Amino acid sequence: MTIMEPRKHGDASDGTVGGRQTRFEGNLKVTGGATYALEYPVEGLAYAILVQSTIPAGRVVSVDAEKALAAPGVLMVLTPDDDMGLLVASDWGGNRPENQPYYPLPRQVQYNGQSIAAVVAESREQAVEAARLICITYEQTPHVASFNDTAAGEGKVMDNLTSGWGDAEAALADAPVQIEGEYSTPREYHVAMEPHGLTVKWDGDQITVWEPSQWSHGMARSYSEWFGIPYENVRLISPFIGGGFGSKGAALAHGAVAAFASRKLGRPVKLALTRPQNFTNYGGRAATRQRIKIGATEDGILQAIVHRGASETSTYADWPEQTGAATPILYKVENFSSQHRVVPVNAVTPGALRGPGKNPSAFGIESAMEELAYKLGMDPLELRLKNYADHDYQSGKPWSTRRLREALTEGAEAFGWSKRSHEPRSMRDGNQLIGWGIGCGTFPVIQAPSEAMIRILGNGRVEVVSGAIDMGQGTYTILAQTAAEVFGIPVDQVEVHLGDSRLPGAAIAGGSMLAGSILGAVHKAATAARDELIGLALNDEKSPLRDTGANTLTFSGGRIAAPRDQGPSLTLSELMAALGRDEIEILRNTLPEGATAQEQHQAWTSMAKVQGPTMGEYSMHSWCAHFAEVRVDEDFGTVRVSRIVSAFDCGRLYNPRLVESQWRGGIIMGIGQALLEEGLVDQRNGRTVNGNMGDYLVPTNADVPHIEVISVGVPDYGASALGGKGVGEVGIVGVAPAIANAVFHATGKRVRDLPITLEKLI
Amino acid sequence: MTRTIHLSLDINGRRHELDVEPRVTLLDALREHLALTGTKKGCDQGQCGACTCHVDGSRVLSCLTLAAQVEGRQITTIEGIAAENGELHPVQAAFVEHDAFQCGYCTPGQIMSAVACIREGHAGSDEEIREYMSGNLCRCGAYNNIVAAVREAAEMA
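Residue numbers (the working numbering), protein chains in the order written: chain A, 99 to 860; chain B, 839 to 995.
By construction, these hints were calculated from the structure, which means they are not laboratory data.
Bear in mind that the values here come from a model prediction, so they are computed numbers and not experimental data.
There may be inaccurate statements among the hints.
Once the Cα atoms are required to be at most 25 Å apart in a straight line, the calculated SDA-like pairs of lysine to any residue come out as [said to hold, decoys possible]:
no.	chain 1	residue 1	chain 2	residue 2
1	A	Lys165	B	Glu859
2	A	Lys495	A	Asn485
3	A	Lys165	B	Arg861
Extracted from the complex, chain A is given alone in its bound form (with noise of 0.2 Å):
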């Protein structure tokens, strides 16, 4: 795909890395020109309607399709009766069961809402009719709707997230003040405004397939693994995605079914899921609780904190969701212990949601701090100061670098903190109830080696080529601006193709790991192409740059020379005209020299290369505080979010504009998170009951307020080539609990379990 021309603003630095370059693909999607994957002009096409279990648990005894099969326009319905001949795909890892054989369509019910069918017709339309036309006959077995029925259980103990030092049990029964709570989160939902879906067609056995996408390489494999067919041979076009937020990481049930059904019709098949089958289909923010202790001096110093936290999966895999993420490395604390649970229930396993583990992890401990900050009667800017951590006490080592001081003092100046008035309900306007509340975030530095190729052509305009894949974080703007920069060219001479398996391997676009990682082979890639055509053009006898004597080039401003005016300066264009070169083209990645194709393949398609944040001599995260603002009607206990200050140490910025923008989107998702957003289960049947847009409640326009970011950060080179950390899931830790204990200090009510509904104030 051609990207169109940006327009172009404020100065020329806006088109180097870290300038505030508009977004590059900004034109596209304000005319409705970016194409999203249901949005393809394919010929032929047949439509699919999934069709999912009305039960919890259970057995589907028989599936009658006469009357859906007879149906106007119907080509085809599929149950548990098909066998698809399907194997199971690797897991992230990239292991993988030998020759397990797929039931996309199992027979086995596990949770309501699951696809057990699916009916293809000639128009959506008559899908739609015939799906209701099929009558499925069950044999129900018992079930757990949540982890609060009395039949879950405490379930298992995941021992690699068992973690302490010192003897955080003694420490505390020894300290003189301690606090305890327990903190829960209801299951959330990612709600990305592009449902899930799909189109697919095959030619031979050649599969391409149109599918939003986090990881092109990632979910190309699953495709090729469950059909036993080449990676080669599998296409995953994802150049625009609807957003994601962890949800579109992964192949799922509907692709293979949908994939199938359109390779046993021999036509090209498009599947979407309804919004309220997005509810069921995959996972969102798996339920938590967590019970924290902490002991502290008189004078609020920490002596010890224990953790004790659980998490609904499914029954059929484990998913933790860590409660203890951010409990070990917010605060310097010698005597600590964590211990996570997952308890399994009749829902589909949950999946990755913006900051897994670490949000609801922050809600406990940013929660509970502020607990202990009016126990003790302390500020809790003050307590949290106080116990500012120096290194990393789980894992021993210096951070990389950590300016959550700076968050937080930069944070409160700006907020106006100093001019609170500490006790709960002594700040008011009328019958509004004013509160002021600080929640820290943080979330790791995660680094995947990562490919990409440069191609510099003859008419002077330079191509970015890359599978990774950009859902509104910026990927686009960001390596153009990399290629402008090392080039010494606009961004508008810089053209970026993404999304696609077939192009060079990329990191996930998850776990805030994909513009570290893309970036450093992008800078990479671009200066090899750079020293390539410098060699050239110092060297080759047709190049008028060849007579300067001068052993290196400069670029800049749309200019090759040599350094201090020795001589001529030329365009790209002039010089590859000059070189009698088409064309420039270098790939390079970021994996150890030498790595054989098995190993990049491995790199690309799994997560088995990703390094964590301790992996190396460092701790590296990225850290941010939030302070907020709410309004608390007296009377009916509703709750406005007033005013946020949110500052941020996310390292060096290659964008603020978008950072600043991917900090706000996280935010407000925090601002739902506090206030509005709760799966809600039917106990009975094991049903999410407000599986829609109407009814699980996301932030509007009117909900949230003027969100104001601040950067504290300082390149850190530690963490990624050019000095980034992550950006895009941070923005929204923490922000719960600034909100609940803003709702704390306003109303004097404590409340611990999310969302902060008015019957919980009044």
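Please arrange chain B on chain A, whose structure you already have, making use of the hints.
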């Protein structure tokens, strides 16, 4: 049901002829039958605003409007608001300038809503813009920038 009806729809100043089942929505007619995919399907239930179009200048949810209902009326979609020469509508330009979107999926609906919101005279203050733009959800959370973009476009109008 297999019966189709013939419709003549006036979209973005152009006449389109199509044969569809009477139950086909305006949204599906645009996206599946006329290759006008700028209008987005977010929920198909009238809850998210991504499918917002104009019918005779007023904003409507095209997922809750049957194609057959709008025959003889003027339909405008996101593809129809820029100038003939490709110059962006002031609201579109303001959205780019203020970074009023991230993934871009709610954006056509936001922009169609914003154009109508300004025309309705409901863009007089930030508070009013927030209220009258609240039928359009944005999960990426571009609301601050949407308000700034609408305000700027309204001031220029």
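Hint by hint, here is what the structure shows:
For the proposed pair Lys165(A) and Glu859(B), the alpha carbon gap of about 20 Å is at most 25 Å, so the pair holds. For the hint pairing Lys495(A) with Asn485(A), the CA-to-CA distance comes to about 17 Å; that is within 25 Å, so the pair holds. For the hint linking Lys165(A) to Arg861(B), the alpha-carbon distance of about 20 Å falls within 25 Å, and the restraint holds.
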